[in-house]
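Using the sequences and the hints given, assemble the complete structure.
Each protein sequence line maps, in turn, to chains A and B. Letter by letter, the first sequence follows residues 7 to 210 of my numbering. Letter by letter, the second sequence follows residues 7 to 210 of my numbering.
Any given hint might turn out to be false.
Said to hold, decoys possible - Residues of chain A clear of chain B, computed beta-carbon distances all greater than 12 Å: (1) A90; (2) D160; (3) Y167; (4) Q171; (5) G183; (6) D188; (7) T197; (8) R200; (9) A201; (10) F208; (11) K209.
Unchecked claim - Below, in silico cross-link-like pairs of lysine-lysine (BS3-like), each with a Cα-Cα straight-line distance of 25 Å or less: (12) B/K44 to A/K19; (13) A/K58 to B/K58; (14) A/K33 to B/K58; (15) B/K33 to B/K19; (16) A/K89 to A/K169; (17) B/K68 to A/K44; (18) A/K58 to B/K33; (19) A/K68 to B/K68; (20) A/K44 to A/K33; (21) B/K68 to A/K19; (22) B/K68 to B/K58.
Claimed, not checked - Here are a few chain A residues that face chain B, going by a calculated C-beta distance under 8 Å: (23) A39; (24) H41; (25) V50; (26) L53; (27) V69; (28) N72; (29) D77; (30) E105; (31) G106; (32) D125.
No lab work stands behind these hints: they were computed from the structure. These numbers were taken from a predicted model, which means no experiment stands behind them. Where is the CB? At the ideal position from N, CA and C, for every residue including glycine.
2 protein chains.
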Amino acid sequence: MNQSQYPSALLQKAVTEISRLPGIGSKTALRLALHLLKQDVVEVDALADSIKELRHNITYCKVCHNISDTDICEICSNSARDKATICVVENVRDVMAIEGTLQYKGVYHVLGGVISPMDGIGPADLEIESLVERVKQGGIDEVILALSPTMEGDTTNFFIYRKLQDTGVKISVIARGVAQNDELQYTDEVTLGRALAGRVPFKM
Amino acid sequence: MNQSQYPSALLQKAVTEISRLPGIGSKTALRLALHLLKQDVVEVDALADSIKELRHNITYCKVCHNISDTDICEICSNSARDKATICVVENVRDVMAIEGTLQYKGVYHVLGGVISPMDGIGPADLEIESLVERVKQGGIDEVILALSPTMEGDTTNFFIYRKLQDTGVKISVIARGVAQNDELQYTDEVTLGRALAGRVPFKM
Chain A
7 MNQSQYPSAL LQKAVTEISR LPGIGSKTAL RLALHLLKQD VVEVDALADS IKELRHNITY
67 CKVCHNISDT DICEICSNSA RDKATICVVE NVRDVMAIEG TLQYKGVYHV LGGVISPMDG
127 IGPADLEIES LVERVKQGGI DEVILALSPT MEGDTTNFFI YRKLQDTGVK ISVIARGVAQ
187 NDELQYTDEV TLGRALAGRV PFKM
Chain B
7 MNQSQYPSAL LQKAVTEISR LPGIGSKTAL RLALHLLKQD VVEVDALADS IKELRHNITY
67 CKVCHNISDT DICEICSNSA RDKATICVVE NVRDVMAIEG TLQYKGVYHV LGGVISPMDG
127 IGPADLEIES LVERVKQGGI DEVILALSPT MEGDTTNFFI YRKLQDTGVK ISVIARGVAQ
187 NDELQYTDEV TLGRALAGRV PFKM
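The structure is reproduced here in structure tokens:
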């Protein structure tokens, strides 16, 4: 669509800004802009203000680097959580996913990404040094590596393992295998191979 | 995803606001919110401000009701356009689509929707009365109905036709038929039936 066809410079500007968001093209951006035009001013302001406030006022937990409204997040400041177990994750969405299982009672360390040379993300861009510091300060029994089983995740796992191996802390990695309800015939070879190699004694 | 799992009230608020947008669920909203957190403050402010400015400062052309930055839009104030031909469309996106053909030299009338009882949109919610007024003021040769060939579009066409039939203005409707590059075997029966019934003399 020709940019000069927009009937209004205000509309064009909003569409340009909205289409900068990932996964939103200019047609979707136009649809969203026209939708906003039909909404109450109060609602549109609420959206715009919530975005600004998020960006301006967000803080990160000084301990685990998760998004937080306070200096120390709710998980790190919860006395019921096991502070000796650290689960290393890529981002806040992974924290939310693990919290959703209601299975984990330890604390987290949010890296803020994974090592990805293709995207120009190296170890120094991530919260790896702060993890090493946290472990070296003592009181940690186990570090659980819970990154996605991708090439970047594996690279980051390996890098962290090398950094921590001399500290004597127990380092584990989440189990990889066939996902619940996946059909074996459609499971890829790597997953199936790893699931076979990583077989465990059967329990009832 | 449980709302209470958000690690920050600011994040939760932004996700709630973003997920009010049509076609954006809470997972996409979270992805967008986390993306915004990684962007420069300047860029996030530009997005939020462009949305606010769009909603607060937008005006509509007093003649054709298209979105405009001025009282009379660029098309209506362009002396090269044929003011005696009015193309009736649903919204600004249709104006942009027709302008994109570079085929049309008349002016527009933007209804702001189509009659849709299911969505609670009646004739009074649309710019139909202003169209009738515009035609009655004289100087109009032809009104081209260019609404989508849906039940709602057809209903609206019929309603406008009834309102204008006594004015003596020529009322036409855009051609319906098999779309360019569509394969006949995959064309639905209604379209194909109409295309047959509406056949025209072959021209080289």
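Here is what the structure says about each hint:
Against the 12 Å criterion, A/A90 stays outside the reach of chain B, whose nearest CB is about 21 Å from its own CB. For A/D160, the condition that its CB be more than 12 Å from all CB atoms of chain B holds, with the nearest at approximately 23 Å. Every Cβ of chain B is farther than 12 Å from the Cβ of A/Y167; the closest lies at roughly 27 Å, confirming the non-interface assignment. Listed as outside the interface, A/Q171 is consistent with that label: its C-beta sits roughly 30 Å from the nearest C-beta of chain B, beyond the 12 Å cut-off.
The non-interface label for A/G183 is consistent with chain B: the shortest C-beta to C-beta separation is roughly 24 Å, beyond 12 Å. Every CB of chain B lies more than 12 Å from the CB of A/D188, the least distance being 21 Å, so the non-interface label holds. Every beta carbon of chain B lies more than 12 Å from that of A/T197, the smallest distance being close to 24 Å; the non-interface claim holds. The Cβ of A/R200 lies farther than 12 Å from every Cβ of chain B, with a closest approach of about 27 Å, so its non-interface assignment holds.
Non-interface call for A/A201 relative to chain B: holds, since the shortest CB-CB distance, roughly 27 Å, exceeds 12 Å. Residue-level check passed: A/F208 sits 33 Å from the nearest beta carbon of chain B, beyond 12 Å. Every C-beta of chain B lies more than 12 Å from that of A/K209, the closest at about 30 Å, which supports listing it as non-interface. As the CA atoms of B/K44 and A/K19 are separated by approximately 21 Å, the hinted pair is consistent with the 25 Å bound.
A threshold of 25 Å between alpha carbons decides the hint, and for A/K58 with B/K58 the separation of about 11 Å falls inside it, so the pair holds. Only pairs whose Cα atoms come within 25 Å are accepted, and A/K33 paired with B/K58 is accepted, the gap being roughly 20 Å. Taking the CA atoms of B/K33 and B/K19, the gap is about 14 Å. The hint holds against a cut of 25 Å. At most 25 Å may separate the alpha-carbon atoms for a hinted pair to count; A/K89 and A/K169 meet this at roughly 20 Å.
Distance check on the hinted pair: B/K68 and A/K44 sit about 18 Å apart at the alpha-carbon level, within 25 Å; holds. For the suggested pair A/K58 and B/K33, the alpha carbons sit about 20 Å apart, so the restraint of at most 25 Å is met. Taken as a hint, the A/K68 and B/K68 pair is broken in the structure, with Cα atoms around 56 Å apart against an allowance of 25 Å. At most 25 Å may separate the alpha-carbon atoms for a hinted pair to count; A/K44 and A/K33 meet this at roughly 17 Å.
At roughly 22 Å between alpha-carbon atoms, B/K68 and A/K19 fall within 25 Å of each other, so this suggested pair holds. Annotation: proposed proximity of B/K68 to B/K58 holds, straight-line Cα distance about 22 Å (limit 25 Å). Because the beta carbon of A/A39 sits about 6 Å from the nearest beta carbon in chain B, less than 8 Å, this interface hint is met. With 8 Å as the threshold, the beta carbon of A/H41 comes within range of chain B, its nearest partner Cβ sitting at about 5 Å, so the hint holds.
Taking 8 Å as the C-beta cut-off, the interface hint given for A/V50 holds, the closest approach to chain B being about 4 Å. At about 4 Å, the closest approach between the beta carbon of A/L53 and any beta carbon in chain B falls short of 8 Å, and the interface hint on this residue holds. Restraint check, A/V69 versus chain B: the minimum CB separation of about 13 Å is more than 8 Å; hint violated. Interface restraint check for A/N72: the shortest CB-CB distance to chain B comes to about 5 Å, inside 8 Å, so the restraint holds.
Because the closest C-beta pair between A/D77 and chain B is about 12 Å apart, greater than 8 Å, the hint is violated. Against a cut-off of 8 Å between C-beta atoms, the interface hint on A/E105 holds, since the closest Cβ of chain B lies about 5 Å away. Given the 8 Å rule on beta carbons, the hint for A/G106 holds: about 6 Å separates it from the nearest Cβ of chain B. Annotation: interface hint on A/D125 violated; nearest CB of chain B at approximately 12 Å, more than 8 Å.
Consistency with the previously given hints fails for numbers 19, 27, 29 and 32, ordered from lowest to highest.
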